[in-house]
Amino acid sequence: MHLKNNTMNRILIFLGLLLCTLASNAQNIQQVTGKVTDKIGPLAGVNILNKKRAGHGTMTDSEGNYSIRAAKGDILQFSFVGMETKEIVVDKTVINVLLSENTLLLDEVVAIGYGTSTKKDLTGAVASIKLEDSPSASLPTVNLLESLKGSLPGVDIGMTSSAGGDPSLNIRGQNSISASNTPLLVVDGIIGGSFSQLNPQDIATIDVLKDASSAAVYGSRAANGVIIVTTKRGKTDKPHLNLNAYYGIQSWTRKPKMMNGEKYNQFRKDQAIASGASGVDLGLEYILLPKEYEAYQAGSEIDWFDEVTQYAPTQNYQLSVSGANDKINYYVSANYLDQKGIIVGDKYNKASFLAKMDVNVFKWAKIGINLSGNIQDYSGMNASAYTATFISPWGFMNSTFAGHEDWLEVFPGGNTSWGNPLMDTHNIDDMDKRNNFDGKAYLEIRLPWIEGLSWRINGSYNLSQKKEGRFYHENYYVQTIKESEILNPSQFLKDANGYKKDTNGNSWLLNQILNYNHTFGEHRIDLTFMSERQRSHEDGVHATARDFSEAGTTVLGYNSLELGAADKRAIDTWKTQSSSLAYLGRINYVWRNRYHVSASFRRDGFSAFAEGHKYGNFKSAALAWTLSEEEFLQNSILSYLKLRLSYGENGNPSIKNYETFPKVGIGAYIFGTKYVKSQYQSSLANKTLGWEKTNAFNVGTDFGLFNDRLTGNIEYYNSNTTNLLVKRRLPSTSGYTSIFDNLGKVANWGLEIGLHSVNIETKDFQWNTSVSFWLNRNKIKSLYGIDSNKDGKEDDDIENSWFIGKSLGAVYDYTFDGIVQTDDIEYQEKYNMKPGDVKFKDLNEDGKIDAEDKSIIGYTKPNFTVNLKNTLTYKNFQLFFAIDWIAGGGKNNYYIQNNAVAFVPNTTGTSCNWLDKEYWTPETPSNTVPRVNYLQQNYKYGFYQSRAFVRLQDISLSYTFNPRILEKTHVFTDAKIFVSGKNLLTFTGWTGMDPETGQRIGGGNPSFKTVSFGLNVSF
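Take 432 as the starting number for the sequence shown in this note's numbering and just add one per residue.
Any given hint could turn out to be false.
Cut-off 30 Å, straight-line C-alpha distance, at most; resulting in silico cross-link-like pairs (DSSO-like, lysine-lysine) [what the hints assert, rightly or not]: (1) LYS688 x LYS1087; (2) LYS1118 x LYS1158; (3) LYS1224 x LYS1285.
Derived CB-CB ranges, DEER-like [as the list claims (entries may be wrong)]: (4) ASP1222 x LYS1087: 33 to 39 Å; (5) LEU1416 x ASN937: 45 to 51 Å; (6) ASN906 x ASP1405: 50 to 56 Å; (7) LYS688 x LEU1058: 44 to 50 Å; (8) ASP970 x VAL1028: 55 to 61 Å.
Hints listed in this document are in silico derivations from the structure and should not be mistaken for laboratory results.
Glycine is no exception: its CB is placed at the ideal position from the N, C-alpha and C atoms.
Build the full structure now, drawing on both the sequences and the hints.
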């Protein structure tokens, strides 16, 4: 009892003290008032938060006035879009605050090639994205390019359709006709690498040099733009451990619907009727192939698209540790990715690492090392989605041979034109493994006797290895035998065959950079001089073999090619190397933070070009005027305005090594019963082959309104590419088909607009929007310079759909005009057509349909692209979504065009499936799909359709845990979980597969959508 009384007394004393404290605090809380202004006047809508008292906050009114309850010693935080955040300790009841413009965004460092600049000093068109701070960073991406899609105006990024694949990439249109249009990749200041090798979670920033003046510092390699990738560095004093993991499921974006068994039976019956059959001949036992009918009776109906596709999982795990202090900065990561494709057999996995360290050895000297590597595995054979399009739904998946039911049935429906789509996933060994290692190091010295002068030497070394192999075992051929033959696999050892190919590459790069950066009063100058040398080497061996009858086994596959028949083994080896040399000078000058001048000159040499043509000069110049620094533009609406004008020259060296030399080919022919090798000259030399050159102008503006609540940029560019690297056709009398030459000219122009707005910003809720718009137009101005009919006009290249004065990507075909109907008597008689045939326009009205009636019916290029991104944050929740709109652009729809075989007359014995679409019959007269048995040999059936679409490109919902809660665990410092989706919804009038790719079924792996779950935890 005594103990209980003591305890009660202590509780009462504690409560009394607590009440006294609360009362004291309540007496200290008072009303604090004041006005918030900037250099122009009052600021409305400024957020004011009492950081010592949760839930205490307010905003300034239209006159900039505020009122908030606070106690002495509390901290008031004042924040506003475009202004620097200010914190003030309460020591009086009236506190007036002056906010300054936030120049942090303009002072952000941007990589510009062989150096850096700030955004405010840029004179060219450079687009940047900080992945660490972007909502895109929380999206699970296998390839780095997926993080950029839609984020940067003028940068076109396609879709990935296969596991581990690189999406297509193009900056500001297509400059070249047949040479590469891929931008140059620079990683941590060193040229080289591929996007598939990079781990997206290691990337800090991406800077895209879009205009020619910015890219000119890379000269001969920069005609297609430059993408500069900077990897992450350490940030905190103590080690920072981070774990990132996600798991996703992939499936079709648009899955084609094929006929089921019932509709297929009717389709075959309509074929028979169109071929003249009637009565008893229309029975299924007559109109189906014997094996089809057997399967029909057995109820063996197969949905082949279900068989060749799968729900494909993707999983990714990353662990990193980083840290920094005044002496050292380090970042180390390890990543593992495992991805399956939606086609059975398509798979990919990658293990990678990155280790980098910067050390301040002295106040005037710094060294750094950067090591990275990856192991990629693409091994495995895919099922055939193309075959799944045509094969009959009636058939047997497995063999009907007694005792061999585990074998796949080679021709499930009895049609020898269409084998089992899963056949290649069995009894074939396939290997495709790639290893890559990069080592980079630098030494930087800030020369003390001249302030602002520094010298830096960078070196890199790359090792790459690719191992490929494929082997067709005897069992692969056993399955093609007929039922009457003896099922003895050993008799097919003579057919077993395979190859193995090893490719090894290495390259090194060394450059030296001398930089002088100094400010003299109102003048700021940045001078850069650089020399660079690079050399690449590749060698390999390719071995083939067949006929393993004498060996009696193929158990080791492509690892036992030496066991093949001696006269059926071959080994080829090769070796190539190239080198390049470059010198660069660049000056950036700024006066009074408002007038900017930049210029550069680069001289490049490349060994692959012919003597006398190995070197090229590339120059640039740019001007910029920051008008918002002028006194006459100081107002409350316009917070920032800069005008830019630039010109630059770039090159494209995209030819193979030794293209300027005549080549010797190796062939083989059968002499008696033996293979005999032969050698012959396979190509002609071109001793004048040189650079493909692009020169371009760019006019742009950067602006900010309402204290940067709305920011944006507008760009207009115009470029001309000359000396195109194309293959010129040669007369047949030469003995050769073509030769690489510098011919032709292509022009490009375009418009790009990027906008970013802060729509709402309160204490608990923020809403930001980004809009990107871009369009590109190009025109072929010249090709081969040939005027064969002497009419004063240069010839077009119809075979490649290249037309002088027209855009690249022209679709040259007949103009589809519907389907011939029963009452189209005049058309039938005039053009010898039947009801149900495809109707084409007779453009020259000569009474016949022939090649003279072909014309440009459209273009594959879109008219313009719009991408809309929204980020909504409420307390710890964040919703992000991106919508992509591709307007215009089209293609012949292969869904119909390449399925003409489905209409082969029934009398040929051919049977194949067809899309579940209403074809023409007298009872159901379609005006889109022709009749059964339609097969026109004289011309293909084209069906041009627009591929315009609107797509929900990305959507994610994330939750970030409260740091104060995590602190109590004494383990975690940050934690976030998320769920996301990619390509979930598509709205389009395109009736084929995915409108973005426009592929026919089987013309590449189909596009996919993904749903993912993940977490990010820091310790």
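Right, here's what the structure says about each hint:
Note on LYS688 and LYS1087: the hinted pairing is violated, with a Cα-Cα distance of about 43 Å set against a maximum of 30 Å. A distance of roughly 14 Å separates the Cα atoms of LYS1118 and LYS1158; the hinted pair therefore holds under the 30 Å criterion. Restraint check for LYS1224 and LYS1285: the C-alpha separation of about 19 Å stays at or below 30 Å, so the hint holds. The hinted range of 33 to 39 Å is satisfied by ASP1222 and LYS1087, whose Cβ atoms lie roughly 36 Å apart.
Between LEU1416 and ASN937 the CB atoms are about 46 Å apart, so this pair conforms to the stated range of 45 to 51 Å. Between ASN906 and ASP1405 the C-beta distance comes to about 54 Å, which sits within the given range of 50 to 56 Å. A hinted range of 44 to 50 Å is violated for the C-beta pair LYS688 and LEU1058, which are about 58 Å apart. Range check, ASP970 to VAL1028: Cβ separation about 48 Å, and the 55 to 61 Å hint is violated.
Hint compliance for this structure: hints 1, 7 and 8 are broken, all remaining hints hold.
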